[in-house]
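Just so you know, the protein sequences line up as chains E and S, in that order.
Residues 1 to 289 in our numbering are what the first sequence lists, from first letter to last.
Residues 1 to 300 in our numbering are what the second sequence lists, from first letter to last.
Calculated from the structure, these hints are not laboratory results.
Where a beta carbon is used, it is the ideal one built from N, C-alpha and C, also for glycine.
Take the hints with a grain of salt, since some may be wrong.
Reference listing, derived: stretches of chain S covered by chain E, where coverage requires no fewer than 3 residues with Cβ under 8 Å from a Cβ of chain E [said to hold, decoys possible]:
| hint | segment |
| --- | --- |
| 1 | 51-63 |
| 2 | 203-210 |
| 3 | 223-237 |
| 4 | 266-272 |
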Amino acid sequence: MLSLRAGRLGRNILFIAAILFFGVPIIWLLLAPTKSLNQLDFNFPLSFGSFGQIGIAANNLFGYGGGLIWTWMLNSVWYTVLSVVLALVTSVPAGYALAKLPFRGSNTILFVTLVTMIVPAAALILPLYLEMSAVGLTNTPWSVILPLTFYPFGVYMIYLFTINSIPSSIIEAARLDGASEFGIMMRIFLPLARPAVVMIAFFAIVGSWNSFFLPFIMLTSQNLATLQTGLQILVSSTGAIGGGNLSNIPIRAPEVALAAIISILPILLVFIFAQRYLAAGQSAGAEKG
Amino acid sequence: MTTSNSGVRRRLRRTSGWGFVAPYLVLLVAFGVAPALYGLYQAFIVTSVVGPSTFSLTQNFSDVLTDYRLPGASLNVLLYLLAWLPALLVIVFGLALAIDAKRTKFAALTRFVTYVPGAVTGAAAALLWLFMFSPQVSPIGGFLRLFTDKSGSFLSDQTFPIVLSVMGIAAGAGGWIVVLYGALTAIPKDVLESATLDGANAWHLVWHIKLPLIRSYVAFILIVSIAQGFQVFVEPTVISAGAPGQVSRTWSINQLVYSYATDNSNYGRAAALAILLLIVCVALAVFIIRKTKFYSIGDR
Numbered sequence: 001m002l003s004l005r006a007g008r009l010g011r012n013i014l015f016i017a018a019i020l021f022f023g024v025p026i027i028w029l030l031l032a033p034t035k036s037l038n039q040l041d042f043n044f045p046l047s048f049g050s051f052g053q054i055g056i057a058a059n060n061l062f063g064y065g066g067g068l069i070w071t072w073m074l075n076s077v078w079y080t081v082l083s084v085v086l087a088l089v090t091s092v093p094a095g096y097a098l099a100k101l102p103f104r105g106s107n108t109i110l111f112v113t114l115v116t117m118i119v120p121a122a123a124l125i126l127p128l129y130l131e132m133s134a135v136g137l138t139n140t141p142w143s144v145i146l147p148l149t150f151y152p153f154g155v156y157m158i159y160l161f162t163i164n165s166i167p168s169s170i171i172e173a174a175r176l177d178g179a180s181e182f183g184i185m186m187r188i189f190l191p192l193a194r195p196a197v198v199m200i201a202f203f204a205i206v207g208s209w210n211s212f213f214l215p216f217i218m219l220t221s222q223n224l225a226t227l228q229t230g231l232q233i234l235v236s237s238t239g240a241i242g243g244g245n246l247s248n249i250p251i252r253a254p255e256v257a258l259a260a261i262i263s264i265l266p267i268l269l270v271f272i273f274a275q276r277y278l279a280a281g282q283s284a285g286a287e288k289g
Numbered sequence: 001m002t003t004s005n006s007g008v009r010r011r012l013r014r015t016s017g018w019g020f021v022a023p024y025l026v027l028l029v030a031f032g033v034a035p036a037l038y039g040l041y042q043a044f045i046v047t048s049v050v051g052p053s054t055f056s057l058t059q060n061f062s063d064v065l066t067d068y069r070l071p072g073a074s075l076n077v078l079l080y081l082l083a084w085l086p087a088l089l090v091i092v093f094g095l096a097l098a099i100d101a102k103r104t105k106f107a108a109l110t111r112f113v114t115y116v117p118g119a120v121t122g123a124a125a126a127l128l129w130l131f132m133f134s135p136q137v138s139p140i141g142g143f144l145r146l147f148t149d150k151s152g153s154f155l156s157d158q159t160f161p162i163v164l165s166v167m168g169i170a171a172g173a174g175g176w177i178v179v180l181y182g183a184l185t186a187i188p189k190d191v192l193e194s195a196t197l198d199g200a201n202a203w204h205l206v207w208h209i210k211l212p213l214i215r216s217y218v219a220f221i222l223i224v225s226i227a228q229g230f231q232v233f234v235e236p237t238v239i240s241a242g243a244p245g246q247v248s249r250t251w252s253i254n255q256l257v258y259s260y261a262t263d264n265s266n267y268g269r270a271a272a273l274a275i276l277l278l279i280v281c282v283a284l285a286v287f288i289i290r291k292t293k294f295y296s297i298g299d300r
């Protein structure tokens, strides 16, 4: 009994420490747009400025280029949606088949998948650009969307989930009932694998939404830029971080902080939505036999 | 069922296996293998100061290996790995196991908060971390001031691996906690219940049931994390962009790769160094796969 209580106390202390460590930077970021540049430098770091200041920062940010940030947001949304759907449609069946329908060469595909995951991005980006330019797709949305549909992490996670948590006996039983392999995947595997699919969907959304080098290299037109590349260009062209902003474009630290909050908000909403499904995985064990 | 019938079924299964993997295979070749092979080819093309490029199997590799900046960058990356990787693993496994041990609201909140810093990238991350590590404006300024030098700056060669580790953990731990927690919740309940009935306490469950059951995830996290550590790029770039002059722009190996490509337009050397980096990571991956018997799990 005593050890149980000690265990709970230890756990709660651990949680509080983690929330402080991971949460303080975020609280600072949430408070930053409420302050002017001057207040950011001289007020207590975790103090609240004023709501009026948020309005000023928002006006400056959304006013840039006649509301260019809305275009960037819209671009980010549809590039992400399309690439994530294609990534899931290709990676989930692949991960499942590599685990449960092995064929000659399937272990090689798994190993190559793992290797492509750890290839330095620096080695891939220029060849990718040349590839896209050879088929005439650079500076089109496809040059960003297509490479993002390649999702080795998703394949690996589904593979690991399947070998660890989907008993072969369920699949065997469905086969004896005369179900087709495609039918087994759709009606038996997918419902059981929902937590894993939701998880890789979430990471795919984050990966696409936050991808930076790919759109940065591929897209030259400002109207095709994503939120991430647009903001980066905005920040570096105004010197808003780590230097004096000598331009008369009013983008400074508070505006950048506001832009940061806007760019992570969709991810946090998706996380909160996905959170319900991430832990639903009790069915796999319960249905064996 | 007759033998020939089951033979047909087995062949059918193998065919559908191919069919399920085929669309992914196209993407793997187009956006994974082909660019990587082209990068490999590039590593043999030597850019000359004057005249046309030449082909050499060894030139770029020997140029890169004798670059005076490489030993320093390698040492930096090793120090970073030593500081970051053990801390990351302890935090990720500690928190994921604690969150899984009792799935309370508080545990769910912790999981959420640990994830948030990882969602901040690019320009936003640069702003965030520059303020975090500037003693005058940081919420943890009082703590940082214990380590500042005479000029009032916190960043120095000694503190830099620590600063990067903190950034790397804050940005990277949350994602792995989600992955590991997902793996832990997929362990069948009856396995844990019967172990508890046999008198296993929480520690026994972790060491003898949970960790062995998720060892393939452990290997995967190790392989990817080690590669990320060797290829550390974003964190030192962010800090050096915000604090020009205090930190070298070629602090890490991967930054050196980018410097070859962007400052010197020498893609051959950039590719050669990237491939050397990859060879180290793949060698370690193979070692981990052997040690954990990664692929044998599927056979049970």
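A quick look at each hint next to the structure:
1. Counting residues of the segment 51-63 of chain S whose C-beta sits closer than 8 Å to any C-beta of chain E gives 0, which falls short of three, so the coverage hint is violated.
2. Figure legend: the segment 203-210 of chain S, annotated as covered by chain E; annotation inconsistent (0 residues with Cβ-Cβ distances under 8 Å, at least 3 required).
3. Given as covered by chain E, the segment 223-237 of chain S passes the check, having 5 residues with a CB less than 8 Å from a CB of that chain where 3 are the minimum.
4. Chain E is given as covering the segment 266-272 of chain S, and this holds because 3 residues of the stretch bring a CB closer than 8 Å to a CB of that chain, at least three being needed.
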